[in-house]
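**Student:** Taking the hints into account, I'd like the entire structure generated from these sequences.
Here our numbering is used: the first residue of the sequence shown is 1, the next is one more, and so on.
Honestly, the hints are just simulated from the structure, not real lab data. Just so it is clear, CB atoms sit at the ideal spot from N, CA and C, and this is done for glycine as well. Check before you lean on any hint, since a few could be wrong.
Straight-line distance between alpha carbons at most 25 Å, and here's what the computed DMTMM-like set of lysine to aspartate or glutamate pairs gives [what the hints assert, rightly or not]:
#1 K31 with E103
#2 K101 with D42
#3 K101 with D29
#4 K60 with D73
#5 K101 with D73
Ranges of calculated distance between the beta carbons of each label pair, as one might list FRET restraints [claimed, not checked]:
#6 S46 with A102: 25 to 35 Å
#7 T47 with S77: 14 to 24 Å
#8 A82 with E103: 13 to 23 Å
#9 N68 with A39: 23 to 33 Å
#10 V59 with A102: 15 to 25 Å
#11 P27 with Q76: 17 to 27 Å
#12 S38 with A82: 26 to 36 Å
#13 N68 with P98: 14 to 24 Å
#14 S78 with S38: 15 to 25 Å
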Amino acid sequence: MYVRLLVAVVLLALLGNLAVPTAHANPVDDKFLASLRSAGIDDHVSTSHAIEAGHFVCVKLDSGLSPNQVAQDVLQSSNMPAYSSGFFVGASIDAYCPRHKAEL
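**Tutor:** So, in structure tokens, the structure goes:
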């Protein structure tokens, strides 16, 4: 009787682990965040907010703004100093929209 109970508990534990989805880190996001950290830019609201802002840089560039104009927008809408704003735009381009690298 105890053996059946033990087997049932072990099976439930194993099946429970199979049913739980595992989180997969996005390597592009990880590289982007690591780039920001390496430049000392870690004062964003959250990592998801930084990633979202990085994608928004690409939206602005796709709409016709220059990297300098986008950096000015970042500067005005954040607490980042000018150098960090420019770095943020460059890191965003590198990670999320390398098609704009020639504009740097």
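**Student:** Next, verify each hint and record whether it holds.
**Tutor:** Results of checking the hints against the structure:
Distance hint between K31 and E103 is fulfilled; the C-alpha atoms sit about 21 Å from each other, no more than 25 Å. Proximity of K101 to D42 is assessed by CA-CA distance (about 23 Å); at most 25 Å being required, the pair is judged to hold. Simply put, K101 and D29 have alpha-carbon atoms about 18 Å apart, close enough for the 25 Å limit, and the pair holds. Pair hint K60 plus D73 holds up; C-alpha atoms about 10 Å apart against a cutoff of 25 Å.
Among the hinted pairs, K101 with D73 is consistent with the structure: their alpha-carbon atoms are about 18 Å apart, no more than 25 Å. The given range of 25 to 35 Å is respected by S46 and A102, whose C-beta atoms sit roughly 31 Å from each other. A hinted range of 14 to 24 Å for the beta carbons of T47 and S77 is consistent with their spacing of about 18 Å. Distance hint check: the CB atoms of A82 and E103 are about 18 Å apart, consistent with the given range 13 to 23 Å.
Separation of N68 from A39 is about 18 Å and departs from the stated range, judged on CB atoms against 23 to 33 Å. Roughly 18 Å separates the CB atoms of V59 and A102, a value that falls within the hinted 15 to 25 Å. Checked against the given bound of 17 to 27 Å, the beta carbons of P27 and Q76, roughly 31 Å apart, lie outside it. For S38 and A82, the hinted distance range of 26 to 36 Å is not satisfied, since their beta carbons lie about 18 Å from each other.
Taken as a hint, the range 14 to 24 Å holds for the pair N68 and P98, whose Cβ atoms sit roughly 18 Å apart. A hinted range of 15 to 25 Å for the beta carbons of S78 and S38 is consistent with their spacing of about 18 Å.
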